[in-house]
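Please build the complex by placing chain B on the supplied structure of chain A, with the hints as guidance.
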Amino acid sequence: MRPILLAAFVSVAGCAAEPPEPWPRPFDLPAVPAAYPLPPLPGRSPRIASYTIEARLDERTHQIDGRLVLDWRNTSDKAVDELPFHLYWNAFRSNLSASARGEGPRAARFRKDRDFGYTQPTRVLLLEPAESDLTATLRYVDADGGNPDDRTVAVVRTPAPIAAGATARLRIEWTSHVPHGTVGRAGWVHDYLFIVQWFPKIGVLAKDGQWKAHAFHSTTEFFSDYGNYDVRVTLPERFVVGATGRETEALRNPDGTKTLRFVQEDVHDFAWTACPRFLERRERFDAPGYPAVDVRLLLLPEHAHLARRYLDATRLALRAYGAWSAPYPYAQLTVVDPAWYSGSGGMEYPTLFTGGAPAWARRDLLAPESVTVHEAGHQFWYGLVANDETEEAWLDEGINQYFETRAVDLAYGPEAFAVRYFGGRNQRDARRGIPVVAPGVFMRRGDEHRKDLRRFGREDPLVRRAWEYQSKDSYYLNAYDRPALVYETLENLLGAENMDRVWRTYAHRYRFAHPTTRDLLATLNEVTARDWSAFFDETFYSSGLVDYAASVKQEESRAPRGFLEATSERFVSLDAPTPKPAPAVWDSVVTFERREEARLPVEVLIEFADGRLVRESWDGRDTYKRYAFRAGPKVVRAVVDPEAKLTLDIDRSNNVWRDEDGLARRAALKWSARYLFWLQTLLELHTVLG
Amino acid sequence: MIDALRAGLAGAWRLRSLAVFLLAFNLAAAALLAAPLFRILEGDVTNRGAAPRLVHGFDYDWWRRFAHERAGFGTSFGPEMLGAGFAFRNAEMLLRGDLPGRLFSRGGEAVSGAEPLVLGLGVAYLALQTLFTGGILAALRASRGGFALRAFAHACGFYLGPIARVTLLALALDGLVFLLNAPLAAWADERARESVTENAALVWSLGRHAALLAALLAVHLLSGYAKALVVLEDRRSASLALVSAFAFVLGRARTVLGHFAAILLLGLLLLAGFVAADGALGVTGYRSQLAAFGLMQAFVLLRIGLRLALAGGQLHLLRRR
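These protein sequences, in sequence, are chains A and B. Quick note on the numbering used here: the first sequence kicks off at 235 and runs consecutively. Quick note on the numbering used here: the second sequence kicks off at 32 and runs consecutively.
Since the hints were derived computationally from the structure, they do not count as laboratory data. Think of the CB as a built atom: it goes at the ideal place given N, C-alpha and C, for glycine as much as any other residue. Incorrect hints may appear among the rest.
Derived EDC-like pairs: lysine to aspartate or glutamate, alpha-carbon spacing no greater than 16 Å straight-line [unchecked claim]:
id: 1; chain 1: A; residue 1: Lys787; chain 2: A; residue 2: Glu894
id: 2; chain 1: A; residue 1: Lys787; chain 2: A; residue 2: Asp893
id: 3; chain 1: A; residue 1: Lys879; chain 2: A; residue 2: Asp853
id: 4; chain 1: A; residue 1: Lys346; chain 2: B; residue 2: Glu221
id: 5; chain 1: A; residue 1: Lys346; chain 2: B; residue 2: Glu225
id: 6; chain 1: A; residue 1: Lys859; chain 2: A; residue 2: Glu827
Some chain B residues close to chain A (C-beta under 7 Å, calculated; not the full set) [as the list claims (entries may be wrong)]:
id: 7; residue: Ala60
id: 8; residue: Ala61
id: 9; residue: Gly80
id: 10; residue: Gly88
id: 11; residue: Tyr91
id: 12; residue: Arg96
id: 13; residue: His99
id: 14; residue: Asn121
id: 15; residue: Gln160
id: 16; residue: Ala201
id: 17; residue: Asp205
id: 18; residue: Thr228
id: 19; residue: Ser236
id: 20; residue: Gly310
Bound-form chain A, shown alone (with noise of 0.2 Å):
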């Protein structure tokens, strides 16, 4: 008996056991290396900009004092006497930044005074080619426009053009003051600090001579050129530090405090976390075909029980991006487990990431396997090919996101159903609930996608910069939700192996070498040798949604009356009607309907009484299509999209018209017999009141 009350009351507290299966469970994934020719991986990137830094953090005031020196190659077309550079830290400066003007969970919300903070250049030097002092020259600019007082990107001059090809060397020192970590991802939460987008970096100067240095705002995300990064961080000695690249010196330093070195190249940026609270946990992924990974765990000790969970979706997002795209080059890669209330969690740099979980994490609910997935999954794409996330976010966010639904499936299969009570209503406060899972409820690949897709798909098309979207929620649907369902379309109309050869070609040609939708869509054109501009225009260049549907209508073949022509082709006369037809002879009328403005090809299928199957294609040009039969059996089921292709189809409910044999009648008895149930339950709660 005690068991089973044990049981009971675990199962009401939400945390029922766990199922029994392996767990994540086998999935195959293409050969690796290719059986097919793939383009040549390059060895190294260009390095373009490459820094040195050395920097000293004080932790009692939270200050950063840093220097750098950056190498920098002008790989445009023309000259240029302006160097802009971003101050991501100056969107914590005031309330007037464009990130605190902006909207959304990422927008910086000032609620103490502690969550302010800034990074101000002291002395800009220009080294190389001739010696110079910028410092006077340094303006900050309105980037994008509409906001003077942002204060996120800053240019100094030249005293003479820098020719197209030519290096430059410039020496920075700068201060910074870390920010309260619950503001934006960077900054301190007690003794946690994750200092990200920290020092000043310099923008990325295309082809043709315009700089890439957008301000930061509350939805952007980051863009930057691959160089070498050697940094020296000083920092109390009870720290446990994770950073970017491979540790390859520790000096104690005779104050108590210690200078780690990291060293890492081909990366675009440069991140480090510090607590001293850290667990670490170290394994090595070495599978056959990939370059072994050294994996670093940092995790908070009341995560230490999800250790395991976070390595095996680590090793998960290895393996399948691995071979869906190309495999991970670097030696290393740290996952940080962030601190409670931290802002920093889910968020990707080069070799490191942070993850999320709260501690009351179910297996079912998937977290952290999902976010682990994600951000490791960010390292193929936002780290290796690395398009520009401020003004084409669904290309690293959307593919990765179509990615990692792809690969969580495979493992883990569809996610449970639950709802956190007793918590808060944001993202963060949420954690502090209590799960309770609704049972046999799972959503599975592309539903949650769907979700925000019914609400906020009309407001803009896909391809948008990201801060020119109409709301916070536009760019999350079209930067996450919306290209990864776009990308699960065409996995369905391609087949997953033609679909994961299109992946590994893109992902082979323009490693290290920030591609572009264009260069997306060419390559998908090249590998299948078809062009798929009609498909984009409806699902990336415009605003429009899919939703087909089918109908039917149908009445038993009637008995002729009236004047009539015999099988002879003589009249017979009103008083003579001709005998009804057989019972089992209908008159159909089967109708597709498009109902929203996408038009793609699309599948239908009718499906009789005795079994015959009419298949067809439709291109979906008109508004419907109709099919009428005379005088045959009956139809039982129409379906467009039978084999439930078209993901982006935001109803999927009316693709299937089925003859009704009494199970919608069943069905609706079965949950407004629940929604019954709750009402009671509800209403009798009433009587602890009064």
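Quick look at chain B alone, frame taken from chain A:
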């Protein structure tokens, strides 16, 4: 305490037909919204591919689309009411001040399910139960005999005035609890956010919810004794009945709280048993639907039975002063 528990349970058993009567009212009230929902659901899935999936399980994608297109009370239909979810959802609604009729809500987003028609029905139900309380307590006061509709109706009318006043005073006390809770909750939530570890945050957060629940239950306890006193001693003054109830509870705190805790524990066991049985039941055909319906009604009936047992135990304790 054990005596009170036993007496209360015996009283509830003796008045099982009253419990069935109350269940019928409860069922009828809930059906006011469940019946139209049945029509809506049937209309939505007729001829649709979602129907078989909904018969054999739950179609999440369908529900998301259904919820997106729905307005009004239909939005309160969702998978969060499955398993133990209904109890958590109800408790969250209670603790957010959504019950009754968002009377104690301090703004902000309502819990999913706190829809005006649903909440309005709740207010009507509370009023009806206030009317019934006199009849229930009078039936429990009698040491023997079953449920007689005429006597019940008479007692309902006879005690309605003072019991309604006790109810209003108790609601005022609940309001005071929520008023005092607001700064406490804000403070505790801030402490939770500022915690070094997530575990500490959980303690702050769940602790403040537990404190609020305990305060509301304390008001419920007082109100229960005050209503029992009204019927037991024909009190006309609701406020004096509450004061007497408070004095009684203070004087016999251990017994009173022990009895109340025992009833709560039985309620939790009932919930756990229901969740376990419900989870084991695969509902597809009409027969299994009938079995599930029977199980759900048994749960509500036993829940009503516990309400009667609590009141019966309280009467017993008051008699033994």
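Pairwise hint evaluation, B:Glu221 against A:Lys346, where the allowed Cα distance is 16 Å at most: Measuring from Cα to Cα gives roughly 12 Å; hence the hint holds.
Hint check: 7 Å Cβ-Cβ cutoff, B:Ala61 to chain A: 4 Å, holds
Hint status (Cβ of B:Gly88 to nearest Cβ of chain A, threshold 7 Å): Since the shortest Cβ distance to chain A is 5 Å, the answer is holds.
Interface restraint verdict for B:Asn121 against chain A (beta-carbon cut-off 7 Å): With a minimum Cβ separation of about 5 Å from chain A (threshold 7 Å), the hint on B:Asn121 holds.
B:Ala201 as an interface hint toward chain A, with CB separation required under 7 Å: 5 Å, holds
Hint check: 7 Å Cβ-Cβ cutoff, B:Thr228 to chain A: Check passed: Cβ of B:Thr228 comes within 5 Å of chain A, closer than 7 Å.
Interface restraint verdict for B:Gly310 against chain A (beta-carbon cut-off 7 Å): With a minimum Cβ separation of about 6 Å from chain A (threshold 7 Å), the hint on B:Gly310 holds.
Evaluation of the interface hint that places B:Gln160 against chain A, nearest CB under 7 Å: 5 Å, holds
Holds or violated: A:Lys346 to B:Glu225, with C-alpha atoms at most 16 Å apart: Answer holds: A:Lys346 to B:Glu225 is near 12 Å, not above 16 Å.
Cut-off 7 Å, beta-carbon criterion: hint that B:Asp205 touches chain A: Holds: closest Cβ of chain A sits about 6 Å from B:Asp205, inside 7 Å.
Straight-line alpha-carbon gap A:Lys879 to A:Asp853, limit 16 Å: The given pair, whose Cα atoms are some 14 Å apart, holds under the 16 Å limit.
Hint check, B:Ala60 versus chain A [nearest Cβ-Cβ separation less than 7 Å]: Cβ of B:Ala60 sits 6 Å from chain A, so the hint holds.
Hint compliance for this structure: every hint is met.
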